[in-house]
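Peer 1: Sequence:
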Amino acid sequence: MCPVVGQPGAHLRVCSQYDGPPVTIIGEGRIGRAFAQMAGKRALLLGRGEGIPDAPESHREEDSWQSGPVLVATRNGDLQDVLEWVPLKRRPDLVFLQNGMLFPWLRQQHLLPDCTLALLYFSSAVDDSNPARMRVVDGGGKTTAWGRWATTVVEILESGGVRAAVIDDWATFSGLTVEKLLWSSIFWLLSAGLAGKPVGRIARENRLDVRALVAELLPIADAHVASSADGSPEGASSSAQAAPGTTSSTAGHRATSIKDVVSARSPEGAAAQAFEKHSCRSGLKARYWDDVPLIGDVARLASGEDDSIPGGGLLPTRAQEGDPHWSSNSVASETLPVESTADGSEERIERLVDSLCEYSLAIGAAVPSREMALAEFEWRNGWFLSKETSPTHLAWLQQAGVDTRAAS
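Oh and the sequence shown: position 186 is 186 in my numbering, straight run, nothing missing.
Calculated from the structure, these hints are not laboratory results. One or more of the hints may lead you astray.
Label pairs and their computed distance ranges (CB to CB) [stated by the list, open to error]:
hint: 1; residue 1: G47; residue 2: S67; range: 20 to 28 Å
hint: 2; residue 1: D127; residue 2: P104; range: 17 to 25 Å
hint: 3; residue 1: K41; residue 2: S386; range: 28 to 36 Å
hint: 4; residue 1: D128; residue 2: Q108; range: 40 to 48 Å
We treat Cβ as the ideally placed atom computed from N, Cα and C, and that holds for glycine.
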C-alpha cells in the first residue's frame with residue numbers, strides 16, 4: 001500500500017517508481033499528463049498528430065520501443081485520427097482510456113480483441129501549488145483494465161497512487177464497462193441540470209434521481225451489450241493475456257470477477273421515481289440555452305410529440321414531501337415500483353447506485369465537464385438514445401440545457 005501524503009484525508013499517494021516497458025501517451029490533456037507523471041522517465045507524451053518515434057533517446061538502448069503500450073488519452077472524436085497516426089503494426093499496442101461506449105467502433109475498426117481497454121476511476125487536475133504537476137485523486141479503487149497491456153497499465157496507475165485491477169474475463173469487463181458508461185452518462189447530466197452541482201452532493205442529495213436514471217438506462221445497456229454481439233467480440237476472452245515481458249509477479253493485481261474489484265454492498269431498498277406530465281420550460285436554467293450544440297433529432301421526442309414516448313419526457317414540478325432522499329432541485333416525483341431489469345433484480349439496481357455514488361463521494365468536489373460530455377455525446381447519452389428513447393433521460397437532457405428544439 002502506498003503511503004498517503006499531504007493533508008489528512010488526501011487521496012494522493014507516492015508509490016514505487018514505475019520501471020516497466022516504455023510507454024507512449026497520445027494526448028496532452030489532464031489524463032495524458034497524469035499518466036505521463038505516473039510513468040515518469042519511462043513515458044513519452046505526444047500531442048495531436050505527432051508520430052511515434054522508433055527509439056527515443058530518453059530511454060535505455062535495450063528497451064524494445066516497438067513492443068510498448070500506446071496509451072490513447074484523446075477525446076473520442078479524435079480516435080479516427082489516432083488510427084491514422086499509429087502504424088498498423090502498433091495497433092495491437094493501443095490502450096483506450098476514453099469514457100463512453102467504444103465497443104461498436106472498436107469492432108468496426110477491427111481493434112477487438114487485440115487492443116487494451118481501461119476503465120478509469122480517478123480525477124486529475126493541475127496542482128495549485130505546482131502547476132507543472134497533476135493532482136491525481138483515486139476514485140475508491142474501482143479502476144480496471146482488460147487486454148494485452150492490462151498489467152502494465154495497472155502498474156503505471158499504482159505507481160501514481162491509483163488502485164487498480166486486471167480483469168481477464170471479457171463478460172465481467174463488459175459489465176464493468178456498462179457501469180462506467182452509466183456514471184459517465186448520468187452524473188454530468190445531473191450536475192449540469194442542477195446548476196453545476198458537484199458529484200459528491202449529487203450522491204448525497206439526489207440519490208433517487210441517480211436511481212431513476214439507472215433503472216431506466218440499465219436495461220437498454222443490458223439489451224445491447226451483455227446479450228448482443230457488441231458485448232462479445234469474437235475471440236476476446238482468449239486475447240486478454242499478459243503482454244510480452246510480464247511475469248507472474250504481477251498476479252496480485254489480477255481479478256476474475258466484479259467481487260474482486262468492488263466489495264459487496266447492501267441495498268437500501270429505495271424506490272424508483274416516475275415522472276408526471278408537467279411543462280418543463282419554467283424549470284430550465286435559461287443560461288444553459290445559450291450557444292449549445294444541437295444533439296440529434298430529440299426535439300420531437302422531448303417535446304412529447306412522439307406518442308411512443310410515455311409522458312413525453314416532460315419534467316414534473318411537484319416534490320414528494322417527507323422523503324429523506326428528496327432534494328428541492330430533484331426532478332423526481334411519485335414513488336412507484338421499478339420494473340425488473342434484464343436479470344429481474346431490483347437489488348442489482350441498488351448495488352449499481354451504491355457503486356456509482358461511492359465513486360462520486362470519493363471525488364466529491366468534482367464537477368463533470370458539460371462541454372466534454374456534449375463533445376462525446378454520441379458515445380455517452382447519445383448511444384442510449386440511438387437504442388431507445390426514455391422519458392426520464394430526455395427530461396434531464398432538457399433540464400441540463402441540451403438544446404433539443406431544432407431537430408435535424
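Peer 1: Hint by hint, say whether it matches the structure.
Peer 2: Do the hints match the structure? See the list:
Checked against the given bound of 20 to 28 Å, the beta carbons of G47 and S67, roughly 23 Å apart, stay inside it. Between D127 and P104 the CB atoms are about 37 Å apart, so this pair departs from the stated range of 17 to 25 Å. The hinted range of 28 to 36 Å is not satisfied by K41 and S386, whose Cβ atoms lie roughly 43 Å apart. Range check, D128 to Q108: about 42 Å between beta-carbon atoms, so the 40 to 48 Å window is met.
Hint compliance for this structure: hints 2, 3 are broken, all remaining hints hold.
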